[in-house]
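What follows is the residue order along each chain.
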Amino acid sequence: MIEFRNVSLTYPNGHQGLKNINLEIKEGEFVVIVGLSGAGKSTLIRSINQMVKPTEGELLIDGENTLKFSDRKLRKFRRNIGMIFQNYNLVKRSSVLRNVLAGRLGHTGTLRSILSLFSQADVRLALHSLERVGIAEKAYIRADQLSGGQQQRVSIARALTQQPKLILADEPVASLDPPTSHAVMKDLQRINKEDAITMVVNLHAIDLSMQYADRIIGLRNGEVVFDGPASSVSEKTFEDIYGRPIKEDDLVGDASNE
Amino acid sequence: MSQLDINNMKNPKRAKYWWTFTGVTIFMAVLYYVAFTETRLQAQRSIWESGPLLKRFFWDPFFMSEIHAKIPEYFGYMMETVAIAYAGTLMGAILAIPVGFLAARNVGGHFTFVGKAILNAVRAFPEILFAIIFVAAVGMGPFAGVLAISINSIGMLGKLYSEVIESIDMEIISTLKATGASKLQVLVYGVIPQVIPEFSSYALYRYEIDVRSSSVLGIVGAGGIGAPLILAANQRNFEEVGMMLFIIVLTVTVIDLISTNIRKRLV
Chain D
14 MIEFRNVSLT
24 YPNGHQGLKN
34 INLEIKEGEF
44 VVIVGLSGAG
54 KSTLIRSINQ
64 MVKPTEGELL
74 IDGENTLKFS
84 DRKLRKFRRN
94 IGMIFQNYNL
104 VKRSSVLRNV
114 LAGRLGHTGT
124 LRSILSLFSQ
134 ADVRLALHSL
144 ERVGIAEKAY
154 IRADQLSGGQ
164 QQRVSIARAL
174 TQQPKLILAD
184 EPVASLDPPT
194 SHAVMKDLQR
204 INKEDAITMV
214 VNLHAIDLSM
224 QYADRIIGLR
234 NGEVVFDGPA
244 SSVSEKTFED
254 IYGRPIKEDD
264 LVGDASNE
Chain X
214 MSQLDINNMK
224 NPKRAKYWWT
234 FTGVTIFMAV
244 LYYVAFTETR
254 LQAQRSIWES
264 GPLLKRFFWD
274 PFFMSEIHAK
284 IPEYFGYMME
294 TVAIAYAGTL
304 MGAILAIPVG
314 FLAARNVGGH
324 FTFVGKAILN
334 AVRAFPEILF
344 AIIFVAAVGM
354 GPFAGVLAIS
364 INSIGMLGKL
374 YSEVIESIDM
384 EIISTLKATG
394 ASKLQVLVYG
404 VIPQVIPEFS
414 SYALYRYEID
424 VRSSSVLGIV
434 GAGGIGAPLI
444 LAANQRNFEE
454 VGMMLFIIVL
464 TVTVIDLIST
474 NIRKRLV
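Protein chains in written order, with my numbering: chain D, 14 to 271; chain X, 214 to 480.
Isolated chain D (complex conformation) (with noise of 0.2 Å):
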């Protein structure tokens, strides 16, 4: 369970990115967080993992305060959350394989690591996870080679390498067209279901956080002004957290072209 208590986050210069933000995400959830670009939800997500780190409050995941976390214990704790970015964030030169192997760098040994020496079982789990993401075939391909869907799942890939408890998902599908959205989220939605894993995603498509979320959290300005199931959800909430009407631009579209 991740819990957030009164947490803010100022930056370097002033600008502040979380305005005391209390949360309590169950373990299997699946939360879609949403609001404007700029309403501080790359900052929350990433304040899990401590990409950035929050600078006042306590991030409580199962019971301990992570911003007291040593270097050693932060790396021991970022084993078990895998990260999905709207960029993929592969090394392009390298293969398919090698990226997803990537995600049990923290698992392996320094040395082993170094000298690519896997054991069978982790070349296995990549193997497979590629597999579960439907692209199994591309393993020895570089990954530069892939077209962006085929990426973002490498990245799922890899997330899922980690055997990770938690996946934070950082606007997956912003760089895909609508029919790859839905089936990168549908990929999400499964592993969420399948391997009990929670997910936070950041999206800003409105149909796309009512289709795929449990629960949906809205941002405005670094604040939480909306905390609800997606069933209680309606275009009436999204004008509420946006602060303005719904535009065309908000939805991505069905996936009927798939």
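Rather than coming from a laboratory, the hints here were simulated on the basis of the structure. Be aware that a few hints might be false.
Unchecked claim - Below 30 Å or equal to it, Euclidean Cα-Cα: the simulated BS3-like pairs (lysine-lysine) are:
(1) D:199 with D:151
(2) D:66 with D:32
(3) D:151 with D:66
(4) D:151 with X:477
(5) X:396 with D:81
(6) D:105 with X:268
(7) X:396 with D:66
(8) X:396 with D:178
(9) X:372 with D:105
(10) D:86 with X:396
(11) D:66 with D:105
(12) D:66 with D:89
(13) D:86 with D:32
(14) X:396 with D:89
(15) D:39 with D:249
(16) X:372 with X:283
(17) D:151 with D:86
(18) D:151 with D:81
(19) D:81 with D:66
(20) D:105 with D:151
(21) D:206 with D:86
(22) D:105 with X:477
(23) X:396 with X:372
(24) D:39 with D:105
(25) X:268 with X:283
(26) D:249 with D:151
(27) D:151 with X:396
(28) D:32 with D:260
What you are looking at is a predicted structure, and each value in this text was computed from that prediction instead of being measured.
Assemble chain X onto chain D, guided by the hints.
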């Protein structure tokens, strides 16, 4: 808001541009005037004498059997030169890696200035000076040449490496850190694959340069073809000099062609 008058629009920077242009032109003209008046540009020999001399350099060597007999020997010297360049570049290319990392702003942190200072200091010296120093330090011969070449290569390669490192995608670095990877693992899985093609391409390019410069280092006794070259020139054996120059040009061209070809495939 006033309406823009499109028909009578002028670049507001135009006047400033003309002032700059005029200023630079006058400055250059003065510089040229000083350079030409202060330099004695008369040839020490009449044009009529240099014709036959050039013929002795670039024409006669190909028709003299005693020069032909020396070609294998010269090729031997040239191979030594190529080997000096190879050993020097290899040593420099490897030693430049830590210096390059130190000098890169995104890695070196507060110590960047140390790396940059080392690189600037090294690049302030021409190779031939290093060669003179090392000949004095370790004695005449190829070893001094290798040391001179490698130190000088560190200067250029370290600088180029640090620029490559500064241009890598740091998002990938934080992504790998977010999976719980250690610093060394991030280096091996995130940084190295991003820089290796450029590093090797620059090292090859530097090798082309080093073959050329190690041809000259022999002049101060640092091994290779330079020593017989300067000896022949001092004895006014211009036919021998001409043949050696031809061999140098040939070898350098072949190496450039091969290396350019490899570099095209690398990046």
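Here is what the structure says about each hint:
no. : hint             : verdict
1   : D:199 with D:151 : holds (20 Å)
2   : D:66 with D:32   : holds (13 Å)
3   : D:151 with D:66  : violated (36 Å)
4   : D:151 with X:477 : holds (26 Å)
5   : X:396 with D:81  : holds (20 Å)
6   : D:105 with X:268 : violated (56 Å)
7   : X:396 with D:66  : holds (19 Å)
8   : X:396 with D:178 : holds (23 Å)
9   : X:372 with D:105 : holds (24 Å)
10  : D:86 with X:396  : holds (14 Å)
11  : D:66 with D:105  : holds (28 Å)
12  : D:66 with D:89   : holds (17 Å)
13  : D:86 with D:32   : holds (26 Å)
14  : X:396 with D:89  : holds (13 Å)
15  : D:39 with D:249  : holds (26 Å)
16  : X:372 with X:283 : violated (41 Å)
17  : D:151 with D:86  : violated (35 Å)
18  : D:151 with D:81  : violated (41 Å)
19  : D:81 with D:66   : holds (11 Å)
20  : D:105 with D:151 : holds (14 Å)
21  : D:206 with D:86  : holds (29 Å)
22  : D:105 with X:477 : holds (19 Å)
23  : X:396 with X:372 : holds (23 Å)
24  : D:39 with D:105  : violated (35 Å)
25  : X:268 with X:283 : holds (19 Å)
26  : D:249 with D:151 : violated (43 Å)
27  : D:151 with X:396 : holds (28 Å)
28  : D:32 with D:260  : holds (27 Å)
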